[in-house]
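Q: Put together the whole structure using the sequences plus the hints.
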Amino acid sequence: DEYDDTSASDANHGDTKTSEAEEQSNQQQLPVPCPLLLLTVAPTKESKCVAAVNKLQRKYPDLLGPGLSKAKAAFALGVLNTNSHELADGASGLFLAACLFEHSCTPTLSFTTHGSTLWLTALQDIDQGSPLSIDYGNNFYSPVAERVKDLEEA
Numbered sequence: 313d314e315y316d317d318t319s320a321s322d323a324n325h326g327d328t329k330t331s332e333a334e335e336q337s338n339q340q341q342l343p344v345p346c347p348l349l350l351l352t353v354a355p356t357k358e359s360k361c362v363a364a365v366n367k368l369q370r371k372y373p374d375l376l377g378p379g380l381s382k383a384k385a386a387f388a389l390g391v392l393n394t395n396s397h398e399l400a401d402g403a404s405g406l407f408l409a410a411c412l413f414e415h416s417c418t419p420t421l422s423f424t425t426h427g428s429t430l431w432l433t434a435l436q437d438i439d440q441g442s443p444l445s446i447d448y449g450n451n452f453y454s455p456v457a458e459r460v461k462d463l464e465e466a
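Here our numbering = 1-based position in the sequence shown + 312.
Check before you lean on any hint, since a few could be wrong.
To be verified - Only pairs whose alpha carbons sit at most 20 Å apart, straight line, appear in this in silico DMTMM-like list of lysine to aspartate or glutamate:
#: 1; residue 1: Lys384; residue 2: Asp374
#: 2; residue 1: Lys461; residue 2: Glu398
#: 3; residue 1: Lys461; residue 2: Glu358
No lab work stands behind these hints: they were computed from the structure.
A: Here you go:
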């Protein structure tokens, strides 16, 4: 079985996290619920993400329009980095359905990209209600130590 999830956005790399109060503030200021605010962010690279936004702001002073704070920009960058998949052309795609899958070194699903489309294929029979999983690093054939290192650096 295959599932097609078309990319919602392209992004580069960076991670951040926000406090619960900031997330509530972000959600209250948006006219409609934003699915990006429901996604999680890897907490390990918060300072790098904030530094990247600061560097971009210095180089392009008008980059952040009115109402978009550095904290919100860093959060968005972190969400995109944590949840995006590399596309064949080197860009990154954010696939909202794929963000819901947990990681497993023995996943139930395989993913490939073609253009801006992510294809998910079942690797085994999956019982209804069973969790769906993918290999976040997509590096099944690498030694365990190398996979752990790659996941920690991602």
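Q: Does each hint fit the structure? Answer for all of them.
A: Results for each hint:
{"no.": "1", "hint": "Lys384 / Asp374", "result": "holds (15 Å)"}
{"no.": "2", "hint": "Lys461 / Glu398", "result": "holds (18 Å)"}
{"no.": "3", "hint": "Lys461 / Glu358", "result": "holds (18 Å)"}
The structure agrees with every numbered hint stated previously.
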